[in-house]
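2 protein chains.
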Amino acid sequence: MSGIESLQKSFELYFNHRHFPLHPKSLYDPLEEFLTNSGKRIRPILCLMGNELFGEIHDDAYHLAAAVELFHNFSLVHDDIMDKAPLRRGKPTVHSVHGEPTALLGGDAMLVVAYDYVNKISSSYLKDVLRLFNKTAKEVCEGQQLDMDFESIDHVNMEDYLEMIGQKTSVLLAASLQMGAIVGGASEGNQQLMYEFGRNLGIAFQIQDDYLDAFGDPEKFGKQVGGDIKSNKKTFLMIHALETASGDQLEKLEKAIKENPENKVEQVLEVFKVCGIDSWADELKEQYLQKALQNLDDIAVSKIRKEPLHALANFLITRDK
Amino acid sequence: MSGIESLQKSFELYFNHRHFPLHPKSLYDPLEEFLTNSGKRIRPILCLMGNELFGEIHDDAYHLAAAVELFHNFSLVHDDIMDKAPLRRGKPTVHSVHGEPTALLGGDAMLVVAYDYVNKISSSYLKDVLRLFNKTAKEVCEGQQLDMDFESIDHVNMEDYLEMIGQKTSVLLAASLQMGAIVGGASEGNQQLMYEFGRNLGIAFQIQDDYLDAFGDPEKFGKQVGGDIKSNKKTFLMIHALETASGDQLEKLEKAIKENPENKVEQVLEVFKVCGIDSWADELKEQYLQKALQNLDDIAVSKIRKEPLHALANFLITRDK
Numbered sequence: 057m058s059g060i061e062s063l064q065k066s067f068e069l070y071f072n073h074r075h076f077p078l079h080p081k082s083l084y085d086p087l088e089e090f091l092t093n094s095g096k097r098i099r100p101i102l103c104l105m106g107n108e109l110f111g112e113i114h115d116d117a118y119h120l121a122a123a124v125e126l127f128h129n130f131s132l133v134h135d136d137i138m139d140k141a142p143l144r145r146g147k148p149t150v151h152s153v154h155g156e157p158t159a160l161l162g163g164d165a166m167l168v169v170a171y172d173y174v175n176k177i178s179s180s181y182l183k184d185v186l187r188l189f190n191k192t193a194k195e196v197c198e199g200q201q202l203d204m205d206f207e208s209i210d211h212v213n214m215e216d217y218l219e220m221i222g223q224k225t226s227v228l229l230a231a232s233l234q235m236g237a238i239v240g241g242a243s244e245g246n247q248q249l250m251y252e253f254g255r256n257l258g259i260a261f262q263i264q265d266d267y268l269d270a271f272g273d274p275e276k277f278g279k280q281v282g283g284d285i286k287s288n289k290k291t292f293l294m295i296h297a298l299e300t301a302s303g304d305q306l307e308k309l310e311k312a313i314k315e316n317p318e319n320k321v322e323q324v325l326e327v328f329k330v331c332g333i334d335s336w337a338d339e340l341k342e343q344y345l346q347k348a349l350q351n352l353d354d355i356a357v358s359k360i361r362k363e364p365l366h367a368l369a370n371f372l373i374t375r376d377k
Numbered sequence: 057m058s059g060i061e062s063l064q065k066s067f068e069l070y071f072n073h074r075h076f077p078l079h080p081k082s083l084y085d086p087l088e089e090f091l092t093n094s095g096k097r098i099r100p101i102l103c104l105m106g107n108e109l110f111g112e113i114h115d116d117a118y119h120l121a122a123a124v125e126l127f128h129n130f131s132l133v134h135d136d137i138m139d140k141a142p143l144r145r146g147k148p149t150v151h152s153v154h155g156e157p158t159a160l161l162g163g164d165a166m167l168v169v170a171y172d173y174v175n176k177i178s179s180s181y182l183k184d185v186l187r188l189f190n191k192t193a194k195e196v197c198e199g200q201q202l203d204m205d206f207e208s209i210d211h212v213n214m215e216d217y218l219e220m221i222g223q224k225t226s227v228l229l230a231a232s233l234q235m236g237a238i239v240g241g242a243s244e245g246n247q248q249l250m251y252e253f254g255r256n257l258g259i260a261f262q263i264q265d266d267y268l269d270a271f272g273d274p275e276k277f278g279k280q281v282g283g284d285i286k287s288n289k290k291t292f293l294m295i296h297a298l299e300t301a302s303g304d305q306l307e308k309l310e311k312a313i314k315e316n317p318e319n320k321v322e323q324v325l326e327v328f329k330v331c332g333i334d335s336w337a338d339e340l341k342e343q344y345l346q347k348a349l350q351n352l353d354d355i356a357v358s359k360i361r362k363e364p365l366h367a368l369a370n371f372l373i374t375r376d377k
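Sequences listed follow chains L and A, in order.
Here my numbering is used: the first residue of the first sequence is 57, the next is one more, and so on.
Here my numbering is used: the first residue of the second sequence is 57, the next is one more, and so on.
Check each hint, because a few of them may be wrong.
Treat identical chains as interchangeable: a pair holds within one or across any two.
[Claimed, not checked] List time: in silico DSSO-like cross-link candidates among lysine-lysine, alpha-carbon distance up to 27 Å:
id: 1; residue 1: Lys286; residue 2: Lys191
id: 2; residue 1: Lys276; residue 2: Lys191
id: 3; residue 1: Lys81; residue 2: Lys289
id: 4; residue 1: Lys183; residue 2: Lys359
id: 5; residue 1: Lys191; residue 2: Lys81
id: 6; residue 1: Lys81; residue 2: Lys290
id: 7; residue 1: Lys176; residue 2: Lys308
Read the hints as simulated data drawn from the structure, not as lab findings.
Note that the structure is a prediction, hence the values are computed from the model and not measured.
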């Protein structure tokens, strides 16, 4: 059983090479550079753990770990164009340095190279993995489209928000785990539980992210608190507040959203606290985490094999990070 | 053996249904609409003919015909964003009606659905087809990038131009034929000849396209003659003219390009004629066509099976259309 750090290291050993042809440099070099400005490699680690839960890690799991990492980065490059974002992981985005056409085309090429990695796996798993990969890729596109659609809607209900955020962020985590499970030889039932574990964990993680943006300790959180509130972003907290606040509190909330006063963050946080949005969010996160852990418990392998995934869930879902 | 029209009809029967989920409509409906505004379906026909050269048309060839058609349309949607084109096939482009973010994301989803069709084929061919599909997809991206890079370069040499135009337009024709050949059970050698036939035919077609833009009969050509010259587009003709003209002619040509006079098209055409660019282009087209037909001749199947591909080559490469 391998821990997070050890898997991170072995993935980097596998992944740390050139992924694209040398020519044309104008297309491929920006992509290589973007990939080295790495994130935490959460999805590859999930893929490797999804395999190791059922058996020794197979080369195929590394190929798929690379595929999901490339897919994730493709979606970031394209999302940044759509959101007109100047920065990503503290560095200028691909389109802001190399122009939108190259970022668009580069994203396309990165998606194709993700499929190249998928095609490296054993033929016997290829059809199933490709089906899951395609389904997930479509869902991620759908999530992004819904997210953009929501920007022009005043009131988004919780059901629609859950669908959007599930597709935009959770399905890729879930699919990473399931792909690992597939090449690890898991039964269909265990694969499904692995997927549900990832989906519920992803939602718990998103609730925590929304919570920390509002109530986190700025020093531990590592970024300014209240960013979502300032930009009127739809979050679990805001949607629930708009659905449950009434009377003066609702009026205060709607006024703050509409008028963007200087002390908007304080005003909104006051409403959140009066309406108990903080404890509600904490409970909701806990519910999804427990669902995820139940999915993990239900998988028919020995408890000791599950330890790395327990540790990863704890690593992702902590109260103050 | 089926002719062009009969294959066109049977492809439409297979292809004429909804390809995308119903929800979210904002993402998928623009794509469905774009697909019904169809072109000539040349690539699907090539795929079906590539199969039928070697045996009865298999369902897999229809799946791959749909995959190449979706891939082609994905590339059009994204190219139109990059080129900021307002019209495609006489109708407003996806991004000009639905906005760039939806067109970008819709193109991504269309590429993924192309892979869904690839995944419908028999497992025994999947790895080979996916390898060819990915290789081709990367080359098409590279061709588009080189084309954009060339816009900011004054002098492009013929070798670089040939590489660009081959990747941007010919490799998908070649791969369509080869994919058909693969699922038709062709040997590797015959597959390769099928590919080369498509690649050479594609280049002959592009030379003809450039030729007709300069020297075509406007009534038969169906669009204004001289469009490429007006927009300073790099074409076979212009690159060869810049490489071969000298003295007064070169001066006249460079002046026309630089100063964009009212009678630019006439001026440039005069240089083309004095330097014999028209007959050079006609000969070059003929050379590539003959190479293509030689590739077809070299394929080890009976002559009668090759008739539809001969007819298609004639349909694509005619002197005045």
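Exercise for review: Indicate which option fits the pair Lys176, Lys308 if close means a Cα-Cα distance not exceeding 27 Å: within, between, both or neither.
Suggested key: neither (56 Å within a copy, 55 Å between copies)
**Study point:** 27 Å Cα threshold - placement of Lys290 relative to Lys81
**Key:** Answer is between: at 21 Å across copies they meet the 27 Å cutoff, but 39 Å inside does not.
Check your understanding: Between Lys191 and Lys81, at a C-alpha cutoff of 27 Å, which is it: within one copy, between copies, both, or neither?
Key -> This pair counts as between: shortest inter-copy Cα distance 17 Å, intra-copy 32 Å.
Check your understanding: Is the C-alpha distance from Lys81 to Lys289 at most 27 Å within one copy, between copies, in both cases, or in neither?
Key -> between (37 Å within a copy, 23 Å between copies)
Check your understanding: Which holds for Lys183 with Lys359 at a C-alpha limit of 27 Å: within a copy, between copies, both or neither?
Key -> neither (31 Å within a copy, 37 Å between copies)
**Study point:** Intra/inter-copy verdict for Lys276 and Lys191 if alpha-carbon distance must be at most 27 Å
**Key:** neither (36 Å within a copy, 46 Å between copies)
Check your understanding: Should Lys286 paired with Lys191 be assigned to within, between, both, or neither, using CA atoms and 27 Å as the limit?
Key -> So Lys286 and Lys191 fail the 27 Å test inside a copy (34 Å) and across (45 Å) alike.
The structure is inconsistent with the numbered hints 1, 2, 4, 7, although it conforms to all the rest.
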